[in-house]
Amino acid sequence: MMTALMIAIVVMGGSAGDVFVTKGMKEIGEISTVHPGKLAWIGLRVLRNVNFLIGIFFMACSFFAFLAVLSWADLSFVLPATSLSFVVTTIGAKFVLKEDISRLRLAGTVLVCLGVALISLP
Amino acid sequence: MKTATVLIVAIVSQAIGNVYLTKAMKTVTSVGADDLMTTILRAASNPTLWLGTALLIVFFALYSAALSWADLSFVLPATAFGYVLNVAAGHYFLNESVSPARWAGSAIIMLGVVLVSRSGVRTIPRVELL
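Respectively, the protein sequence lines represent chains A and B. Sequential numbering from 1 applies to the first sequence in this note's numbering. Sequential numbering from 123 applies to the second sequence in this note's numbering.
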């Protein structure tokens with residue numbers, strides 16, 4: 001039960017992190033320069049963006065939950081289970097970020113999720 | 123094209139970064155059983171570890187940059203190609219044995235990435251840099 005809860009935190013935290021980081025980066029706007037000075041300026045704005053920082057916080061929570069669950073559960077169980085985050089993040093992208101998930105993209109994402117689960121088995 | 127270039131550099135940085143991290147951590151812990159503090163200090167003074175960490179920071183910066191214009195539901199599965207590179211890098215540079223299931227998983231991921239990459243980069247309105 002504790003393992004399921006922690007894996008849920010790993011998956012949900014990672015997905016929430018990705019969604020917030022994307023929200024933040026969309027607020028920054030499309031980066032289309034390679035000028036070092038301008039990039040440094042954009043970098044400073046990114047590091048002060050609230051949504052981006054919330055995203056990093058969720059990612060950190062997810063990572064520490066991952067470390068914690070590994071202290072008692074097998075990596076070969078935890079790692080395939082976390083591949084669920086591909087599907088959860090895609091759901092978040094659809095309903096929070098209003099991205100349009102075509103059948104093609106959904107099919108590709110499900111395949112990636114399966115492949116990652118397969119790779120993570122011992 | 124821009125998205126492909128940024129994501130490929132990101133994925134390659136991540137794969138090389140992971141190889142360096144693995145190499146570094148194996149030397150850090152193989153010396154002998156010390157207390158936690160000694161291990162942390164030895165890790166912090168390992169240049170390979172810093173190189174690996176720097177490459178992972180490069181990965182995250184490029185990943186975030188791509189998210190400034192591309193869909194998350196595109197970028198996330200597309201970067202899963204990194205898993206395939208990690209398996210290959212582990213096999214060729216770290217001499218890890220790769221099971222048939224792992225090669226099969228890599229092939230399925232590649233197929234998934236091909237499908238996702240054909241679904242377009244962006245489905246939401248473009249946002250200008252403020």
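No wet-lab data here; the hints were simulated from the structure. Please note that the accuracy of each hint is not assured.
[Claimed, not checked] Just so you have them, the derived chain A footprint on chain B, three or more residues with Cβ under 8 Å:
no. : stretch
1   : 129 to 136
2   : 201 to 209
3   : 237 to 247
[To be verified] Here are some of the chain A residues that sit facing chain B, going by a computed Cβ distance under 10 Å:
no. : residue
4   : I28
5   : I31
6   : H35
7   : G37
8   : A65
9   : F66
10  : A68
11  : L70
12  : S71
13  : D74
14  : L75
15  : L84
16  : K98
17  : D100
18  : I101
19  : G108
We put the beta carbon where it would ideally sit given N, CA and C, even for glycine.
Here is what the structure says about each hint:
1. 129 to 136: violated (count 0)
2. 201 to 209: holds (count 3)
3. 237 to 247: holds (count 8)
4. I28: I28/A check passes; min Cβ-Cβ to chain B is 5 Å, inside 10 Å.
5. I31: Holds - the Cβ of I31/A comes within 10 Å of chain B, reaching about 5 Å at its closest.
6. H35: Hint violated; H35/A Cβ to chain B Cβ min 12 Å, cut 10 Å.
7. G37: Check failed: Cβ of G37/A comes no nearer than 14 Å to chain B, outside 10 Å.
8. A65: Hint violated; A65/A Cβ to chain B Cβ min 19 Å, cut 10 Å.
9. F66: 15 Å, violated
10. A68: The hint is violated - A68/A has no Cβ within 10 Å of chain B, the shortest such distance being about 16 Å.
11. L70: With a closest approach of 15 Å, the L70/A hint is violated.
12. S71: Since the shortest Cβ distance to chain B is 14 Å, the answer is violated.
13. D74: Not OK, violated: D74/A not within 10 Å of chain B, min 16 Å.
14. L75: At 14 Å from the nearest chain B Cβ, L75/A fails the 10 Å test, so the hint is violated.
15. L84: 13 Å, violated
16. K98: 6 Å, holds
17. D100: 4 Å, holds
18. I101: 6 Å, holds
19. G108: 3 Å, holds
The structure fails hints 1, 6, 7, 8, 9, 10, 11, 12, 13, 14 and 15 (numbered hints given earlier, in ascending order).
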